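Protein chains: 2
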Amino acid sequence: MTKQTIRVELTSTKKPKPDPNQLSFGRVFTDHMFVMDYAADKGWYDPRIIPYQPFSMDPAAMVYHYGQTVFEGLKAYVSEDGHVLLFRPDKNMERLNLSNDRLCIPQIDEEQVLEGLKQLVAIDKDWIPNAEGTSLYIRPFIIATEPFLGVAASHTYKLFIILSPVGSYYKEGIKPVKIAVESEFVRAVKGGTGNAKTAGNYASSLKAQQVAEEKGFSQVLWLDGIEKKYIEEVGSMNIFFKINGEIVTPMLNGSILEGITRNSVIALLKHWGLPVSERKITIDEVIQAHKDGILEEAFGTGTAAVISPVGELIWQDETLSINNGETGEIAKKLYDTITGIQKGAVADEFGWTTEVAALTESK
Amino acid sequence: MTKQTIRVELTSTKKPKPDPNQLSFGRVFTDHMFVMDYAADKGWYDPRIIPYQPFSMDPAAMVYHYGQTVFEGLKAYVSEDGHVLLFRPDKNMERLNLSNDRLCIPQIDEEQVLEGLKQLVAIDKDWIPNAEGTSLYIRPFIIATEPFLGVAASHTYKLFIILSPVGSYYKEGIKPVKIAVESEFVRAVKGGTGNAKTAGNYASSLKAQQVAEEKGFSQVLWLDGIEKKYIEEVGSMNIFFKINGEIVTPMLNGSILEGITRNSVIALLKHWGLPVSERKITIDEVIQAHKDGILEEAFGTGTAAVISPVGELIWQDETLSINNGETGEIAKKLYDTITGIQKGAVADEFGWTTEVAALTESK
Ligand SMILES: Cc1ncc(COP(=O)(O)O)c(C=O)c1O
Ligand SMILES: Cc1ncc(COP(=O)(O)O)c(C=O)c1O
Numbered sequence: 001m002t003k004q005t006i007r008v009e010l011t012s013t014k015k016p017k018p019d020p021n022q023l024s025f026g027r028v029f030t031d032h033m034f035v036m037d038y039a040a041d042k043g044w045y046d047p048r049i050i051p052y053q054p055f056s057m058d059p060a061a062m063v064y065h066y067g068q069t070v071f072e073g074l075k076a077y078v079s080e081d082g083h084v085l086l087f088r089p090d091k092n093m094e095r096l097n098l099s100n101d102r103l104c105i106p107q108i109d110e111e112q113v114l115e116g117l118k119q120l121v122a123i124d125k126d127w128i129p130n131a132e133g134t135s136l137y138i139r140p141f142i143i144a145t146e147p148f149l150g151v152a153a154s155h156t157y158k159l160f161i162i163l164s165p166v167g168s169y170y171k172e173g174i175k176p177v178k179i180a181v182e183s184e185f186v187r188a189v190k191g192g193t194g195n196a197k198t199a200g201n202y203a204s205s206l207k208a209q210q211v212a213e214e215k216g217f218s219q220v221l222w223l224d225g226i227e228k229k230y231i232e233e234v235g236s237m238n239i240f241f242k243i244n245g246e247i248v249t250p251m252l253n254g255s256i257l258e259g260i261t262r263n264s265v266i267a268l269l270k271h272w273g274l275p276v277s278e279r280k281i282t283i284d285e286v287i288q289a290h291k292d293g294i295l296e297e298a299f300g301t302g303t304a305a306v307i308s309p310v311g312e313l314i315w316q317d318e319t320l321s322i323n324n325g326e327t328g329e330i331a332k333k334l335y336d337t338i339t340g341i342q343k344g345a346v347a348d349e350f351g352w353t354t355e356v357a358a359l360t361e362s363k
Numbered sequence: 001m002t003k004q005t006i007r008v009e010l011t012s013t014k015k016p017k018p019d020p021n022q023l024s025f026g027r028v029f030t031d032h033m034f035v036m037d038y039a040a041d042k043g044w045y046d047p048r049i050i051p052y053q054p055f056s057m058d059p060a061a062m063v064y065h066y067g068q069t070v071f072e073g074l075k076a077y078v079s080e081d082g083h084v085l086l087f088r089p090d091k092n093m094e095r096l097n098l099s100n101d102r103l104c105i106p107q108i109d110e111e112q113v114l115e116g117l118k119q120l121v122a123i124d125k126d127w128i129p130n131a132e133g134t135s136l137y138i139r140p141f142i143i144a145t146e147p148f149l150g151v152a153a154s155h156t157y158k159l160f161i162i163l164s165p166v167g168s169y170y171k172e173g174i175k176p177v178k179i180a181v182e183s184e185f186v187r188a189v190k191g192g193t194g195n196a197k198t199a200g201n202y203a204s205s206l207k208a209q210q211v212a213e214e215k216g217f218s219q220v221l222w223l224d225g226i227e228k229k230y231i232e233e234v235g236s237m238n239i240f241f242k243i244n245g246e247i248v249t250p251m252l253n254g255s256i257l258e259g260i261t262r263n264s265v266i267a268l269l270k271h272w273g274l275p276v277s278e279r280k281i282t283i284d285e286v287i288q289a290h291k292d293g294i295l296e297e298a299f300g301t302g303t304a305a306v307i308s309p310v311g312e313l314i315w316q317d318e319t320l321s322i323n324n325g326e327t328g329e330i331a332k333k334l335y336d337t338i339t340g341i342q343k344g345a346v347a348d349e350f351g352w353t354t355e356v357a358a359l360t361e362s363k
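Residue numbers (the numbering used here), protein chains in the order written: chain A, 1 to 363; chain B, 1 to 363.
Bear in mind the hints are in silico, worked out from the structure with no lab data behind them.
The structure displayed is predicted, hence computed values, not measured ones.
Any given hint could turn out to be false.
Said to hold, decoys possible - Straight-line alpha carbon distances no greater than 20 Å define the calculated SDA-like cross-link-like pairs of lysine to any residue that follow:
1) K42/A to I6/A
2) K207/A to E146/B
3) K229/A to K190/B
4) K280/A to L252/A
5) K158/B to M57/A
As the list claims (entries may be wrong) - Derived list of chain A stretches under chain B, where covered just means 3 residues or more per stretch with a C-beta under 8 Å from a C-beta of chain B:
6) 25-33
7) 102-110
8) 154-166
9) 185-199
10) 204-214
The beta-carbon is built from N, C-alpha and C at its ideal position, and this holds for glycine as well.
Bound conformation, chain A alone (with noise of 0.2 Å):
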């Protein structure tokens, strides 16, 4: 593929930003986008970066009717110096095309999405807020465009890079949330598209994610579509028990995302010389261990978050305390050494951290 160049066209307009005190997640955007179009004989063409914007597409364009679309979420952050980072984006790029084949779209040139998605940070650098647990969320995706009532893959896609400041999931520090096991609704199956990032995937949890919000819970605990017995993921976190010393996580088996917090939560634990293994566990195991007093800790991992402490596990009637619904020690370790290698506070011994800009005086 010739390098191709990405064409600029900056806002005349700069919106104001938002208090960095009162962020919330996903709802403003900065002043740019990064957009690309694909077509059949053209491949994909035309990497640009203009003002964020609203754009038109045809009613039939094929991602309104059959759901042809592929999503990725990574964050900016700023370090104490100054300094703009990204957090192993090169493996969001990686999943992107992952998710593409699934879904039957085209693969994206990994580096020039990459370039035009630090090209695109060091332009609205400036928005990325800087107070304690805040960062750029940036999200890069897919949709089909072309007009046709027909399932089958679409003959032109259109690209995007959006950003959002984004405030702190929680607002003092990390704080032990309530999950409920899911055993009604199925989120995925092998086979299906589970450990593709999808927007079919999303939209089938809705239902079940809506049922736990009414109960008080903050997201669910998804079991395996076959025996709904076999602890998958919870909504956009994958999850890891630790029982009886043991460091444990689901194993990926087509159905779960393989994210790239749980990738590097595996690392650390390693690195740490800490028992760890993705193997099989089922809901039952959990509660006999938490029975037996052996459940130490649970934890959701996500870009989102980071690290989620999980204080109570819902099990159909019963609801089982996990560490006094306080935060794990392994959990705050990894919260702490995740966000301050993020934030560039702690040495990067995996070289996970790629500067995209530095801020200049105008902030």
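Here the structure of chain A is known, so what remains is to put chain B with the ligands in place on it, guided by the hints.
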């Protein structure tokens, strides 16, 4: 709900109509569309018929990210004597609301939307082709429009109805197709969204469909996601088998779409006094029946092709030729009867058709 008036804005530049003998499926759209909006504080509002046109949305609109969307598909036909008929449109409205429920989309007023649909078809009635096998395909759909990057139900939606004149699925009446039984990929699973008409189900089917087409098969036959043993349905059709005189179709189980053609076929078969049953049916049973020489017919049912005889069924390395690859007697009778009712040529004993308008001389 108080009755809202449908605002009508007619186009000033009518598009040229396609050659009725060269029609494909779902590529050409008529002059107008029906649109309606939803906001949490207003309910569904501003029903309108406006010129068919692209529309603009924020790149953060939730449908692009979390696939919260549902759709329907039905057809309008012109009778010999120039009347425009719809086939069981109330069933599509009912199913749209079932899909809405599963996808956490607010319920529509079925009568209101049906009224909008009828007015739209009446306005664009000159677009309905009347060559043998042609019709006007009608696509109602709803998309989540709120610009928000969080997995939750949207607070705003748009409902559209668009129209496309479509050709005959088969150039010369009905023609048997080759269907491959899918053993790797899974379309849907109990607890998922299989019984809703939502984008993600089709996105997840693309890969298997692509593989099948490369091998020269027209669609795949899905097995259940749990045991990969029970027959579910074809890409966009339900499936029927005639085994030793009994006509069998998989029973509704939560992961199959309840087809309106399926429902009509069952009603007709019962009306004719033929033995028909909705029950579990394994792929093994079908293969055994073929070996025993009692697999007499197989056919798919769906709005697009109405009845699609299956001439060959491919299972692993075996090819099962059904009824010598020819259209079976029952399939033919169902096709003739249903298309006859749809075009007003066969007496409508069930009250399935609804008249929308009469064609004017202008046609
Ligand atoms: C379904 C699902 N599982 C797990 C994760 C965690 O992945 P990551 O650590 O890459 O953010 C996410 C999202 O981010 C997700 O959507
Ligand atoms: C998955 C699926 N199954 C079955 C059908 C048949 O339904 P109907 O007869 O209502 O067209 C369709 C589509 O139309 C479909 O998409």
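The hints, checked one at a time:
no., hint, result
1, K42/A to I6/A, "16 Å, holds"
2, K207/A to E146/B, "18 Å, holds"
3, K229/A to K190/B, "15 Å, holds"
4, K280/A to L252/A, "9 Å, holds"
5, K158/B to M57/A, "14 Å, holds"
6, 25-33, "holds (count 5)"
7, 102-110, "holds (count 3)"
8, 154-166, "holds (count 3)"
9, 185-199, "holds (count 11)"
10, 204-214, "holds (count 6)"
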